[in-house]
Every structure is written in structure tokens, then in C-alpha cells.
Amino acid sequence: MDLKLRKPPETSSRASSTMVNDISKNLKPDMPFIQFDSSSLGYSVGQDRSMSEVSPQVVNQSHCFYAPERETKIKNHLGPSSVIDWNPRLMLSNLSFLEQKIHQVQDIVRSIISQEDHVVDRGNELAAQQQLVTADLTYIIIQLISTAGTLLPNIKNTLLSTDPAVGQPSSAMGMNTNLSSCGGQKPIEILPPEVAKSSEYDELMKDFDACVGEGDELIKCLNNAGAELSESMPIDDHDAKDYDDGMDGENLPPGSYEVLQLEKEEILAPHTHFCLICGKGFKRDANLRMHMRGHGDEYKTPAALAKPSKEASSEPPIIRRYSCPFVGCKRNKEHKKFQPLKTILCVKNHYKRSHCDKSYTCCRCKTKKFSVIADLKTHEKHCGRDKWICSCGTTFSRKDKLFGHVALFQGHTPAIPMDDAKVSGAPDQVQASESTNGMAEHTGFNFTGNTPNDAQSLDIKGADDCQGYFSPMNFDACNFMGLDEFPRSVYEVSESPFSFLSTGSFSFIQRHGEN
Amino acid sequence: MAETVGNLCRKMHGGEGFDTLTLDLFSRAPSPAPCSYSKPAKRPRVDGAVTMGKDEDRQNPFDFLSEEILFLILDSLESEPLSKKSFSLVCRSFYTAESCHRRELTPLRSGLLPAALARYPSVEKVDLSLCPTVTDTVLFSVGNCLRSSLRSIDLSRSKGFSHAGIESVVENCANLVEMNLSNATDLSDAAAAAIGRARNLERLWLARCKLVTDMGIGCIAVGCQKLKLLCLKWCLGISDLGVALVAVKCKQLRNLNLSFTLVTGAGLEVVLQLPYLEDLALVGCLCIDDGSLLSLKQECKSLQVLNLSNSQPINHAGLSSLLNITVGLRQLNMAYCCMVTHSLTSSFRKLAKLQSVKLDGCEVTTAGLKTIANACVSLTELSLRKCSGVTDDGLSSIVMKNKGLTNLDITCCGNITDLSLANITSSCTSLITLQMESCTLVSKEGFRLIGQHCHLLEHLDLTDNELDDEGLKALSGCHKLSILKIGICFKISDEGLIHIAKNCPKLRELDLYRSAGIKDAGIRAIAHGCPQLQITNLAYCTWITDASLRALSKCSDLNTLEIRGCPQVSSAGVVAIAVGCPKLTKLDIKKCYYVNDGAMLILARFSRNLHQINLSYCSITNVGLLALASVGCLQNMTILHLKGLTPNGLAAALLACGGLTKVKLNSSFKPLIPRPLLEHVEERGCVFQWIDKPFQVELESSEIWTKQLEEMRA
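If you read the protein sequences in the order shown, they are chains A and B.
Residue numbering for the first sequence follows the numbering used here, starting at 148 and increasing by one per position.
Residue numbering for the second sequence follows the numbering used here, starting at 9 and increasing by one per position.
By construction, these hints were calculated from the structure, which means they are not laboratory data.
Worth double-checking, as some hints may not be accurate.
Pulled from the structure, derived: some chain A residues nowhere near chain B, Cβ distances all over 12 Å [as the list claims (entries may be wrong)]:
no. : residue
1   : 238
2   : 244
3   : 251
4   : 424
5   : 430
6   : 433
7   : 435
8   : 450
9   : 474
10  : 480
11  : 483
12  : 544
13  : 546
14  : 547
15  : 551
16  : 562
Some chain B residues close to chain A (C-beta under 8 Å, calculated; not the full set) [stated by the list, open to error]:
no. : residue
17  : 194
18  : 198
19  : 201
20  : 204
21  : 226
22  : 227
23  : 230
24  : 231
25  : 244
26  : 249
27  : 253
28  : 256
29  : 702
30  : 706
Fair warning: this is a prediction, and the values are worked out from it, not measured in the lab.
From the three backbone atoms N, C-alpha and C, an ideal C-beta is built for every residue, glycine too.
Could you put the whole structure together from the sequences, leaning on the hints where they help?
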């Protein structure tokens, strides 16, 4: 087993250890989370197999864990006792969508398994596929948690009354959901944040009640293929993109501004503005204000409908800057050379770009991935056919740049895309290979991986991405990696609505014990 | 050797079956053989023909002629394709000589091209514009047969080939200099990339190649750096980037056509920096606006010809700015562009070399014309066609300053009177072309002046004028007239026409459309006095009978005859034309009710070069049409309201006539002809036009027609 192959597990363990630090900071040590953490940590460190072998398992396990059948089962259990406030049809369609998604992942994993025999020479490719699978899974997990969130308040009643022991995991679960769907209700918390303590449990539950009120809308959102999660404000995203990195030149003296740090959950929440009466969430404040009109005449006054910022404008503005919640990041306020982010949008985009997985894959080139959907759209504008290639193999994102290049150099010709020139002879084929090479260089992936340079670049990339998908958000999902086989039967046998949680953790613990 | 040639000539005259040949050879081409032989033969002799002859048992006297002499004869037959054909039928050596001599091939059907290419190995130019369908296979064979001898290929009217075909031609024919791919609307960048490999290409037409983008033209620009002529008319896929790259890479460009493209001022700026650019067409370039023209600074001294017609967004300021930097301009076309005022034409002052100005369809002010008169003194060509606002004053000032004017077009300048003509005729005595259709205020005095002063006049258009016999008599003073258009002149009669016939022997084209006073005597005189007549239009000259046609059949060069609406014409007249005029290519006998199948049989037998025919309302049945279908050249047929035509007959005719490109038919036939058959014919490159006009037997009388014309004008 060569070094190259060994590297991903190492990075993953490194990432997870940082995650543990991160989490231990925010959570009390007696939380069940920590158990999962340590077990999974032990698993990933202790296991001595190559990544290639790990990945299918990982995928299988997480996959079956979140199999939709499970979810429906839970629903059936809940059915009689739950307070009816959710639309089962919508939920079903949502779940069947997830099922589809899972089948897709299954296919990828199967192909990985089938390739397992000749893995040794194709480590790089495998790593890429693995990333793909992880990205998909994370997406599925987020979806599922959100979906489950609509049910949880109903569960809560039964669980709390019957079994206090199970209450704790459920609270953990509840928290997850809260993170993704309702976190934004307390918009900006001044540091240091005290999030997700178990003492806040009741408050969280309150949030859930609010959430259930808008269950329909939530499901609708989910139906939109999860795009909502990061699509929140595409136009603003575009604008903010420049600010994000353009901040460096600002050089505000430290202390001259107030530093705010949003929690990751808040950053990733689809809605940032919530109705205080019914709990419905909105992307924009203006939409919330329009919504408020329905709650009574007092909200219809011009003052209530006016932009809140206008009133505040009379006072001298406090300079606010934002810190990234990711410890170790240059944008985190604890970093030595801390560089604050200018707006909340900057925070959102920065966090998604730097610390989340890139779940949006370009459907043209199938290689480029993005965590912000606006980035994907920008890329798609000049991806594939719109890629301007010179006969010398140089690629250009813009046609005028290509033509400038061709005008400058003697003998260079614009290269016609291949689908046009199928029948043409050898020179074109050369161009073709050149063009694909160019594409590979551009994206940072080289599937052949012959040269050491390429391999290096890939490794760096891989490490980056590991950081991404072992972020706290996804770590919850990774907790359940311990299952060895496709444990459908196990699920079918289980009775408790949260059996999946307990079995998962049990098997982890057992495995941990074995190790 | 001179004796041998002389003997040959005598034998050719005496030999049976060679009558046509001798006539074709020597009557048209004035004594080529002695003439050519009298020159010292400096070229190396090719003895093939002579040695071949010696070995044969029966000595063929023709074989004694060296290939060189045969080539000289063929050289002088260059303008006579039929004679060359006859020449090749004389004997084997003549046939071989003709095969080797031919440089240009214009096949009617692409299917026979491989065989034709095998016969003519040294063809340099292949013109496929008569073949509606040219497949890649045909192009492969062209490339493989002609190899490096091919220098020019014309595919402007053909469909059915792809970039693969073009690629094979380009790969095999390294000396390709000229390529016309206009109207290849389905050719993409791949084809353009293939063209880009023709390193020696100098002239390229890509009009209406709408799928070619900047990428394709980029390949051409980089690959074909010897380009001197490039036509990108209607190439809507090409933007400034592509044009700019062409301008950067193809420094040899002389002639560039960017008409109807999306090129803007930015692209134009780069184009104007081409060092040798002489001819630039910017017709209908709607993306070039005034603002961008104003910013042009660098002079383009080489530019000689500029076409800016139909450029709506350009106004005075922009045009002036453009004209300021193109100081070497000789020809300027600003048709349908903007109002011609003083401020615009004052920029003509800088254009010292300006020779030709075309302002067709523009609104013109007298002040503007006077400024042109002050600015330009060396004009040879002026077109004010359909300009509104042309006055005697304005026009006179120009013609009096530009005494060297040879071409003047004042069509539809309705305000022009004898005053202008007096000035034109007195100052521009070297006028060669005068087009003044619908100048209704000009009287017989004006025509008298033309006849009196313009002795060099060759092309005169007096359609729809107040011309009478006296005027015609005066005009017969223009002895060099070769094109005379006197349609819609109701007052002229045979008397005037006879004067023309007597005094204008060089007449080649005569248009008498609706000049209803003309009768047989006039036409007979014309046919007698103008033996070179090639084109004549006698439509709606209702007095015309077979006698006229019999007389016209003596004009053996006649290629276009229009006798639409001459009800007294019968089959006999058409037969006479068919027999007497073998070069006939276009024939319109619509509403010649008495023309029947007999005429068609003879026509099919003798007029083997017929391209276009209109048979509507004639008494022609399936038989006649089927006979006609055997004419291989036939491309364009209009067959409306033929009583005797059945769907089956029509279907058979359509099938039999392989070269059809356009057929006009009654829409009632559409459901009656099997769909697959129509599709098959369409696939061969034929376009059907289904006409739904009511059957109208009576000819509208001239009076009614005139009334309608008057109403239209009002």
C-alpha cells in the first residue's frame, strides 16, 4: 500500500480530531455526541485498511442507515399518537425523492465495489468517487434531518412521557434539525456563543413547535432538491462574491469594529427571518414584513412596513464585522491574522465555500463542484461548449481572450469542439486530447495521475475536501459509519422509533470495544 | 503544314455530316486556323496526335494537325461552348485535344461528374452551381481525380455535402485558389476548419453560411493567409471577434464583404487597418452606428470601393467621419442610406478620386446635389435611381461639371424634364449607359437630343416614357445601342422600330413589354437588322403573330424570348424559334393559347439548352410536358392552368426531368400527386411553389392595365 492511498484516511482522522475539539468546545462532555465522536474516531484511526476498502462500507452504512424505508417505518409508528399537523403526501413525495437520490448513490457505490479489484492503480479516481458519494450522502442526510424535523415535536410528547432515556438522543436529533431549519431564529449571537446546551432544550423545543406550524412550507422547500439550502439569495450571492475576498484591503484597526460570529447552523439555515407569531421563515426581511400584515392591522402601518434600517440610520452606524465559526480559519476571530468578513452574506458564502462540501456538480463537465449554487451557475456559463480552446491546448474562459491569443501567436488556431468535427482526421484528435488535458488542469483533477505534480495537487485538493466533509455538520452523519453490512434486516426487526439511533450507537460501541 | 490545314478546312467543308461543325468553327470565330498558324510556334510541340495518326491503317487527315494547332483553335472557340462540343465530335484526336484543353467544367448533374472528370483531366475550375445536389461522394471524386490541377470550385447553389466532402477536396487539391460555398446554410465550423487547411486559397465566398461562428472564421483566418477576397455576407454567426481576427491574420485581403453581418464599429476599425483593402461592402450592417464611426481616426488610403447601402443607423456625422478617412475612394454606394444633404455631400470634397456615386432610393436635396457638383469633377458613374427630390437644377449642376460621365441612372426621377436632358446631352457626350425609366415629363425634344448627341450610347432604358415614333427615329442615331428597353411605351409603332432596326445593328437586347402598338412588320425589321439579338421581350404585344417568330428565328443567338400574352402566336411560331435558335435558354409562352403539344415535341428535340419555361394557359397536355421533360437542362418550370394535364402525366414529367430546381404548380395538384413522389423530387433539389390563382382566360386590355397602373401611382 503506497503512501498516496494511505493519505486520505490520515487526513480524515486529522479532520475528525479537529472536529472533536470543535465540538467539545461547544458541547458538554456528557452529551451522547461525544460518544459517537470517539467511537468514530477510534474506528477511523484504528482501522488499518486502505481508503479504497473503507469507502464502500462507509457509503453502504450511511446509506442504509438513512434508507427511506426506515423513515416511513418511523412514521407508521408515530402515526396513531401524533398530533396531525403535517401533510403525509408531501412527506411521501419528499421521501421518494430521497429514495431516488439514494439509489443514485447506491449505483455509484456498486461501481466502486466492482472496481475494487484493481483499485491499486486507480486510487485517485476512487478518491474522487468517494468525494462524490460523500457529497451526495451529506445532502441526503441534511434532507432527512429536515424532513424528520417536521415530525419531531409530535414524537417529543410520546418520548418524553414514556422513556426518558431515549429522550436524550431525541434531543440531540432535535438539535440537528433545529440547526438546519430553525437556527436562524436568533439571528446574531454575540460571542462567545452558547449554543446547543442541553439546558436550552426547552427553548429548542419551542422552536420546533414553530417549525411544525410551517411544516408544509418546509417540505415544499425540501422538494426543491435542496437547492434552497444555499440558493437562498442567488443575486446577492453574486454581489457578495467580490466582497468576500476583496475584504483584505480594508485594514480596519482591531477593536474599531464589533465582531459578530454566527453559528454554522445559522449560516446554513435556509431562512433568516422568522415570524414571531407563527414561526414561518423567510429569506428576506421584506417578505416577512409583507407576511406580518396578515397577523393584524398593527402590522399594516407604514411604520411597520418600512425598512427597519431607515430608522436606525439617524444614529452613527456601528461598524460590524463578522467572524467565521470555523476554528483555525483565517476568517475566525481567534486566528492570528484575523481578517473579518464584511457582511452576513460574505459569511454565508465564505462558510459554504471554505468549510462545506461542494454538493453542486456541474452537469456539463461532471467534475467541477461548488458549494454555492451561484458559483455553479457562473461556472456553467462558460463550461463545456463555451470553453474556448486554442490548437496549442490553452483554454480560455472567454472567447475574446482566445481570439486575442490566436491573433498574437503565429499558427495558433481556434479549436473547433469535438462533437462538430467527428469525421475529421488526426490533427483534431490531437486537439481533443489536448483539450481534455487542459480541462483536467483547470479543474485540478487528473484522472490519469501520471506525473508526481498531478498527484500532489490532487492530494492537496483531497485534503481540502476532507476538511469540508468532516465539518461538524457532516460529522453527525459520519457517526454511524460503524455498521458493517447492509443492515436492512436489523431495521426491520427494530421496534422503537429511534431504534436506528440506538442500534447505530450500539454497534459503534461494540466495535469500539473490540478495538 | 499550311497546306494541310487548308486541305483540312476544305475537307471539313465538303465532308458530309460535318456541316454544323464547319459553321460553328469558322463562321463565328473568324478564321482561326490560318491566323493561329501564322504566328511562330514557340511552344514545345506535342506530337501525340500526329504520331497516333501514323499508326492507323486508314489515314485520318485530321490527325496531321498537331495538338498545338488544335489548342489554338480551341482557344478561339472559348466563348462558344456548343462549337467546342461539335469540335470534340470530329474525330478521336479532336476529342482528345478537347478533353485536354478544357479548363472549366459546369456539369448539369453531379451524378455524371465522376465520368466527366475522367474525360477532362486538366480541369482547373469545377462549377457545380447547376447541380442542386452534390454529395460528399461527388466531392471525394473531384478531389481524387483532379488533385492539384483543381484551382476553383463553386458550390454556391448546391446542397447535400458536409464538411467531410470539403475536407477531401481541400486535402487533395493543394492548389485550390477559389472556393464558393455560399448558401451552404448547414455548414458548421467543422467545415470552416477544413477550409482553413487550404493554404493557397485566395478567394472565398461564404455568403449565408449562418452556422459558421467566430471559431470557424478564426480557423480560416489563421489557415488561409493568402486570402485576397472574402465574402461573409449574411454570416450571422460571425461577430467582431472573428472579423477582427481575419483583419489581423489575412493581411493580403483586397476585397471584403461584411454585408448583413453583426459587425460593429469596433470590428470595422480593425478592418480599415488592412493595408491593401480595396473593396469593402457593408450593406445592411445595422450594428454599425454613428458613434463608432465618429471615433475612426486612422486613414485607410487603399480603400477604393465602399458600399454602405441600407445602413439605417448611420447618419450624416458618421458618414462624414468615415469618408474623411477613406480618401482614396473611387466608388461609393450609399443607396437607401440617409438623406443626401449639403452637410453630407460636402465631405465628398476630400474624395478627389471619386468616380462613381450611387445614391439609390435616398432622399436628395438640390443643395446636396449642387455640393456634389462642386466637390466632384471626375465622376463617370452616377445613380440617382428612385431618389426623391431630384430636380432639373440639382441634376444639371452635376452633369455640367462631370463631362466624363458614362453611366447615368435617373430611373423614377419623375421631376426631370427636357431641361435636364439638354444639359446631360450637351455636356456628357460620352454617355454609354442611360437609364431613365418612368421619367414621364421628358418629351420628344429630349429624345431628339439623346439621339443627336449621345453617339456612344450602348444601354438605353426608356421604359414607361412618353416615347413615340418620332422619338425612336431620333434615338436611332445611337448606332452603338446594344440594350434598348422601350416597354410600356404605348405610342410607339412599327414605323419607329424600323428606324431602330435599320440603324442599330448591334442590338442584343430589346424590351417591348406591353408596347402594344408593335406589329409583325416592326419585329421582322428588327430580326433582319439586328442579327445579334439575344434577349427580347414581346410580352402583351398582342398583334404579334407567328410571322414575327419566324423572323426572329433567324437570330441564331437568341437565348431569351418572352411572348407572354400574345394570343395570336401558335405552335408554328414556337417551332420556328426552336429550330432556328439552338441557344434558347429561357422561354415564356404563358397565355399563348394556341401553342400545343406539337410545339413541345419540336422544342424538346431542338432546344436542348432550355433552362426555364413558362407554359401556363397553353394548350399543352401530358404528351407535350413529357416530351419537354426530356430536355436535360430544364431547371425551372411554371405550369399553371394546363387543361390537358393530369396528375399522372405531371408525376411522370416530374420524375423524368431530373434537373428541376423550381416548379410552379396549381395547388389543386398537391393532393393528387403521391406524397413520396413529391418528396423524392424535392430530395433531388427541386422546390415546389403551389400557386392558388384563379383561372383567368381573358387578357386584360392595355387600357385597363394602364388605368390600373395610373391608380397605383396615384
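Hint by hint, here is what the structure shows:
1. 238: At roughly 49 Å from the nearest Cβ of chain B, residue 238/A sits farther out than 12 Å, so the non-interface label holds.
2. 244: holds (40 Å)
3. 251: Per Cβ check, residue 251/A is outside 12 Å of chain B; nearest 35 Å; holds.
4. 424: Given a closest Cβ separation of 56 Å, the condition holds.
5. 430: holds (39 Å)
6. 433: holds (40 Å)
7. 435: The claim stands: residue 435/A keeps its Cβ more than 12 Å from every Cβ of chain B (closest is about 46 Å).
8. 450: Holds, because the least Cβ-Cβ distance between residue 450/A and chain B comes to about 49 Å, which exceeds 12 Å.
9. 474: holds (49 Å)
10. 480: At about 48 Å from chain B, residue 480/A clears the 12 Å cut-off, so the statement holds.
11. 483: holds (48 Å)
12. 544: holds (15 Å)
13. 546: Since the minimum Cβ distance to chain B is about 6 Å, residue 546/A lies within 12 Å and the statement is violated.
14. 547: violated (6 Å)
15. 551: With a cut-off of 12 Å, residue 551/A comes too close to chain B, as the shortest Cβ separation is near 9 Å.
16. 562: With a cut-off of 12 Å, residue 562/A comes too close to chain B, as the shortest Cβ separation is near 8 Å.
17. 194: Not OK, violated: residue 194/B not within 8 Å of chain A, min 12 Å.
18. 198: Given a least distance of 4 Å, the restraint on residue 198/B holds.
19. 201: holds (5 Å)
20. 204: Cβ of residue 204/B sits 7 Å from chain A, so the hint holds.
21. 226: It holds, given that the least Cβ distance between residue 226/B and chain A is near 4 Å, below 8 Å.
22. 227: At about 5 Å, which falls below the 8 Å cut-off, the nearest Cβ of chain A leaves the hint on residue 227/B intact, so it holds.
23. 230: Since chain A brings a Cβ to about 4 Å from residue 230/B, closer than 8 Å, the hint holds.
24. 231: holds (7 Å)
25. 244: violated (16 Å)
26. 249: holds (5 Å)
27. 253: holds (5 Å)
28. 256: This interface hint holds because 5 Å falls under the 8 Å limit.
29. 702: violated (50 Å)
30. 706: violated (58 Å)
Comparing the model with each earlier hint shows violations of hints 13, 14, 15, 16, 17, 25, 29, 30; every other hint is respected.
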